[in-house]
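Visitor: So the protein lines, in turn, are chains B, H and U. Taking my numbering, the leading residue of the first sequence gets 1, the next gets one more, and so forth. Taking my numbering, the leading residue of the second sequence gets 368, the next gets one more, and so forth. Taking my numbering, the leading residue of the third sequence gets 682, the next gets one more, and so forth.
Bear in mind the hints are in silico, worked out from the structure with no lab data behind them. There could be a bad hint or two in this list.
Cross-link-like lysine to any residue pairs, in silico, SDA-like; alpha carbons within 20 Å at most [said to hold, decoys possible]:
{"id": "1", "chain 1": "B", "residue 1": "Lys105", "chain 2": "U", "residue 2": "Ser879"}
{"id": "2", "chain 1": "H", "residue 1": "Lys596", "chain 2": "U", "residue 2": "Arg704"}
{"id": "3", "chain 1": "B", "residue 1": "Lys105", "chain 2": "U", "residue 2": "Ile880"}
{"id": "4", "chain 1": "B", "residue 1": "Lys105", "chain 2": "U", "residue 2": "Arg877"}
{"id": "5", "chain 1": "H", "residue 1": "Lys627", "chain 2": "H", "residue 2": "Asp647"}
{"id": "6", "chain 1": "B", "residue 1": "Lys345", "chain 2": "B", "residue 2": "Glu328"}
{"id": "7", "chain 1": "U", "residue 1": "Lys759", "chain 2": "U", "residue 2": "Ser749"}
{"id": "8", "chain 1": "H", "residue 1": "Lys627", "chain 2": "U", "residue 2": "Thr937"}
{"id": "9", "chain 1": "U", "residue 1": "Lys765", "chain 2": "U", "residue 2": "Phe882"}
{"id": "10", "chain 1": "B", "residue 1": "Lys306", "chain 2": "B", "residue 2": "Ala352"}
{"id": "11", "chain 1": "H", "residue 1": "Lys596", "chain 2": "U", "residue 2": "Gly703"}
{"id": "12", "chain 1": "H", "residue 1": "Lys437", "chain 2": "U", "residue 2": "Leu826"}
{"id": "13", "chain 1": "H", "residue 1": "Lys627", "chain 2": "U", "residue 2": "Thr916"}
{"id": "14", "chain 1": "B", "residue 1": "Lys114", "chain 2": "B", "residue 2": "Arg103"}
{"id": "15", "chain 1": "H", "residue 1": "Lys544", "chain 2": "H", "residue 2": "Ile533"}
{"id": "16", "chain 1": "B", "residue 1": "Lys105", "chain 2": "U", "residue 2": "Gly876"}
{"id": "17", "chain 1": "H", "residue 1": "Lys596", "chain 2": "U", "residue 2": "Val707"}
{"id": "18", "chain 1": "H", "residue 1": "Lys627", "chain 2": "U", "residue 2": "Val932"}
{"id": "19", "chain 1": "U", "residue 1": "Lys765", "chain 2": "U", "residue 2": "His920"}
{"id": "20", "chain 1": "B", "residue 1": "Lys105", "chain 2": "U", "residue 2": "Phe882"}
{"id": "21", "chain 1": "H", "residue 1": "Lys596", "chain 2": "H", "residue 2": "Leu606"}
In case you want the letters, here they are:
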Amino acid sequence: MASISVRDVEKRFGNGPAVLRECNLDIADHEFLVLVGPSGSGKTTLLRIIAGLEAATSGEIYFGDRLVNDVDVGDRDIAMVFQNYGLYPHMTVRNNMAFGLRRRKLPKDAIDQKVREAATMLGIENLLDRRPRQLSGGQRQRVALGRAIVRDPAVFLLDEPLSNLDAHLRLQMRTEILRVHRAVTATTVYVTHDQVEAMTMGDRIAVMNNGLIQQVGTPEELYDRPVNRFVAGFIGTPAMGFLTCSVNRNGDRAELVRDGVCLRLTEEQSRKLTLPHGAAVVAGVRPENLRPVSADGADPELSVVKGAIEVVEPLGPEQHLVVDVGGEMVTARVDRDVAARRGEKVSLAVGAGRAHVFSIDSGEALL
Amino acid sequence: MAVASAPAPTVSGGPSLPARRARSRRRTPVFDWMALPAVIVLAGVIGYPIVRAVQLSFTNSNLLSAGAAKSVGLQNYKTLFTNDPVFWQALEHTAVYTFVSVAAAALIGLALALATENLGGAWRILRTLMLTPWGVPVIVVAFLFYYMFQDRGGVVNQALTSLGIIHTPILWLGTGKWAMIAVIIANVWSTTPFFLLMFTAALASVPNEVIEAARVDRAGPMAMLTRIKLPYLRNAAVLGSLLMVIQNFNNFPLIYSMTKGGPVYSTTTLVIYVYQLAFDQFHLGFASAVGVIWLIILLVFAGLFIRLMRTNPA
Amino acid sequence: MTAVAAPVRLAGPGRLRRWRPGRAAVVALILVGIAVALAPVYWMLATSLKTPFAATSLTPSYFPHHLSMSNYNELLVKGVVPFKTYLANSVLTSVIASVVAVVISALAGYSFSRSRWRLRGPTSVAVLATQMLPLVVFVGPLYLLLLDAHLLNTYTGLVIGYTSFAIPFGSWLMKGFFDSVPVELEEAARVDGYGRLSILFRVVIPTVIPGLLTTGVFVFINSWNNLLYPLTLITNNSHQTLPPGLLDSFVGEFNTDWGGMMAAAVLTTIPLAVAFFAVQRYMVRGMTAGALAGT
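Generate coordinates for the entire structure from the input sequences, incorporating the hints supplied.
Guide: Have a look at this one:
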């Protein structure tokens with residue numbers, strides 16, 4: 001009942017340039033949608049427009065079938081968790097959580113009970129009489145969550161809620177938020193700049209850049225079938241490596257080649273790629289699809305990338321090799337027992353059909 | 368293209384999409400009622416009187432018979448510029464009183480702020496002690512220095528005599544030159560803490576990394592002061608001086624209580640002069656003309672200062 | 682190579698590591714500063730505690746030999762000078778002016794800090810500009826205005842005068858304090874369903890209590906110190922405040938009641954000094970924030 005539709009939303013501040021353009025987005029009831037993008041991409045602005053804290057310059061926002069453009073924030077039945085939590089410093093945790101309920105004139109017992117339930121769920125019952133400044137970052141975060149869930153909102157909005165926490169706590173709160181989401185089942189929109197957070201949390205993810213929604217999809221869709229070079233490079237760590245190549249058609253099969261690189265496309269891929277022989281494209285290879293092979297005895301059927309190791313990053317279970325391929329860097333994710341040293345030449349095999357191909361001008365995916 | 372409108376699992380009913388523009392472009396209101404009380408009070412008690420003052424400045428209004436005022440055109444202004452030596456004296460006294468006071472208080476305040484900059488912990492009480500004069504009401508400052516500067520029975524003369532600095536008592540409040548010095552001393556005593564606080568706050572805002580970087584670069588104490596710290600104090604100095612210049616331009620209680628502008632106009636600043644014209648001699652029209660001229664001087668001055676602050680690279 | 686120079690910033694005078702002429706000068710400066718700052722205050726207290734006879738001496742002793750409360754007794758109990766009336770009038774008008782001005786300034790300051798309206802820039806600059814105007818220029822017309830409104834010789838007239846004088850700077854002080862409140866608080870309250878006034882009074886105001894106190898003290902100090910308004914707008918001794926009242930009672934060619942004058946000065950200082958030192962820290966912050974962030 002609380003699906004959210006964003007229709008042709010555009011936003012500009014004053015007479016400035018548009019910070020959001022042609023935003024269209026459908027969020028299903030109970031869904032957990034993550035808005036992710038670099039800073040300045042417009043993700044927070046879009047969230048604030050959905051919340052009603054900011055008015056769209058044009059376009060419409062629907063909750064279910066109801067147009068909410070002119071509905072005040074307080075009447076939209078939303079709850080929001082802010083980046084800096086926005087806890088009322090002069091109120092106890094209990095009052096922070098009860099403040100929104102009091103406004104709806106709930107009986108006192110009901111308020112008390114709801115606050116207690118939420119506090120129990122988040123494990124903050126023993127903090128109810130403290131004030132925000134007496135709490136640690138993680139505790140504040142829980143209170144902010146608690147304040148949002150006691151309201152039983154139809155829509156739950158979170159604006160980079162974990163960005164002020166240290167790495168360890170961030171991991172813990174990630175699970176916590178998902179647990180809360182499953183318990184309250186409100187439609188959730190979650191803004192973050194951290195793509196790992198987006199991938200691990202979202203049912204679906206909307207990737208934003210420069211005020212445009214680049215792609216919306218499940219984490220797998222975004223990872224496996226990025227629609228453009230931006231999404232491909234943004235999603236996944238270490239990031240996808242990009243190599244400028246030219247198309248080499250050889251009968252039914254096409255290859256992407258450059259000095260030291262030969263990426264063979266599958267037959268199906270070759271058919272889909274409509275560019276003529278000699279056209280320039282950008283090939284993208286994910287680090288886990290690169291695996292070292294011995295340089296000479298290579299199978300001619302194999303796709304190979306050759307270069308010099310620039311950096312070796314040992315990570316314990318695995319290591320990352322940053323390889324210089326004629327001036328462009330690709331990263332390979334290899335086993336820890338592969339002996340690799342800086343400056344060494346290395347040949348990397350690419351799994352069949354694993355190369356992504358992007359237009360050199362528009363960056364759009366061509367396969 | 369699978370951009371934007373990716374396959375949405377459930378768009379329940381899908382809202383109809385009339386092409387009408389959203390009405391959400393709420394117009395920015397022209398005014399906000401929250402500022403209204405302030406504006407009303409200021410318009411009534413300051414705005415209206417200013418208009419009235421300008422109007423009065425073209426009349427021969429007399430405070431005792433305010434209703435019988437007649438328009439005299441530019442007569443008041445003419446008299447002011449051609450035939451009123453006291454006005455020019457008052458202008459000069461105002462300038463001397465203001466600039467000497469502000470310069471002295473600012474320099475002393477700066478010196479004390481630098482001297483107390485590194486006080487830590489309980490030693491900070493020393494700075495607080497220096498702030499004492501700020502907690503003393505202006506009227507009390509006036510009484511206190513009035514008493515201390517008495518030529519007979521005043522502690523200043525007594526101390527100077529016993530130290531052998533003077534042999535005959537100085538007529539502090541009885542001679543023109545000394546009276547001006549006395550009121551300036553009282554004023555500096557009273558306003559230095561303001562600058563001390565301003566500069567202390569500004570010094571505290573110099574980022575520690577900058578100081579440390581300068582130390583790494585082996586900046587000596589003088590270079591540290593003139594190249595690193597003083598530039599950071601510029602804003603505080605400009606702002607503090609502006610506030611104090613304006614306050615001193617307009618200072619009434621201190622001078623009035625200590626000397627009533629005397630002896631023989633020697634400490635009569637423009638405020639005192641306007642007050643005397645209006646309320647001792649009842650020449651409200653003429654007093655208003657003096658006030659208007661002075662208002663203009665003040666606005667020009669304030670404008671220059673604001674300019675100076677704006678051009679400051681923040 | 683990058684050896685850190687002598688730890689100038691670290692060593693307070695408490696732990697002098699090396700005796701240098703620079704440091705001696707600093708210590709001397711601090712001592713002289715404190716002496717000069719405190720001496721007049723000491724003299725005021727000392728004189729007020731002398732016997733009336735000792736206080737009128739032409740060669741006053743630096744220490745009161747016999748501590749005496751008779752100067753205070755004279756002011757507060759016997760009352761040749763209507764000191765208690767002046768004091769009561771000063772307290773009454775200053776406190777009322779503070780409350781009224783704080784409410785008005787808080788509303789205006791909040792508006793200047795947070796809402797978007799088209800005349801905000803010009804209005805806020807105009808409000809600040811009135812701060813620079815000389816009181817004395819409009820005290821004449823103000824006199825005529827209050828005369829017409831039959832408000833001369835009333836507390837109301839004084840409160841109006843004090844309030845108008847305090848609002849410009851008060852608004853800017855408050856604006857500075859409101860600027861330091863995170864917007865998220867208000868947005869959270871909006872999400873919680875509260876309206877603008879509720880948000881102001883239930884969320885924002887409680888977080889800027891120091892600001893309200895500072896502004897209140899600022900208005901109080903200015904009202905307490907105001908000589909010009911009561912001098913011109915009040916002619917009736919029963920409504921007179923301390924500054925003109927004391928000026929009339931103690932300052933003049935033939936006055937020699939220095940003990941009484943200093944006792945009155947001490948009593949005039951105490952309420953102000955207490956209020957002042959309570960908020961002194963916030964004062965600078967508000968002042969610099971308000972004035973620097975503005976225009």
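Visitor: Each of the hints needs a verdict: does it hold here or not?
Guide: Hint by hint, here is what the structure shows:
1. Lys105(B) with Ser879(U): Holds, at about 15 Å.
2. Lys596(H) with Arg704(U): holds (18 Å)
3. Lys105(B) with Ile880(U): Since the Cα atoms of Lys105(B) and Ile880(U) sit roughly 16 Å apart, the hinted pair holds (cutoff 20 Å).
4. Lys105(B) with Arg877(U): holds (18 Å)
5. Lys627(H) with Asp647(H): Holds, at roughly 11 Å.
6. Lys345(B) with Glu328(B): Holds, at roughly 15 Å.
7. Lys759(U) with Ser749(U): holds (15 Å)
8. Lys627(H) with Thr937(U): holds (18 Å)
9. Lys765(U) with Phe882(U): violated (37 Å)
10. Lys306(B) with Ala352(B): holds (16 Å)
11. Lys596(H) with Gly703(U): holds (17 Å)
12. Lys437(H) with Leu826(U): holds (18 Å)
13. Lys627(H) with Thr916(U): holds (18 Å)
14. Lys114(B) with Arg103(B): At roughly 14 Å apart (the allowed maximum being 20 Å), Arg103(B) and Lys114(B) satisfy the hint.
15. Lys544(H) with Ile533(H): The given pair, whose Cα atoms are some 17 Å apart, holds under the 20 Å limit.
16. Lys105(B) with Gly876(U): holds (15 Å)
17. Lys596(H) with Val707(U): holds (17 Å)
18. Lys627(H) with Val932(U): Roughly 10 Å between the alpha carbons, so the hint for Lys627(H) and Val932(U) holds.
19. Lys765(U) with His920(U): Holds - the C-alpha atoms of His920(U) and Lys765(U) are around 11 Å apart, at most 20 Å.
20. Lys105(B) with Phe882(U): Distance ~18 Å between Lys105(B) and Phe882(U) Cα, so the pair holds.
21. Lys596(H) with Leu606(H): holds (17 Å)
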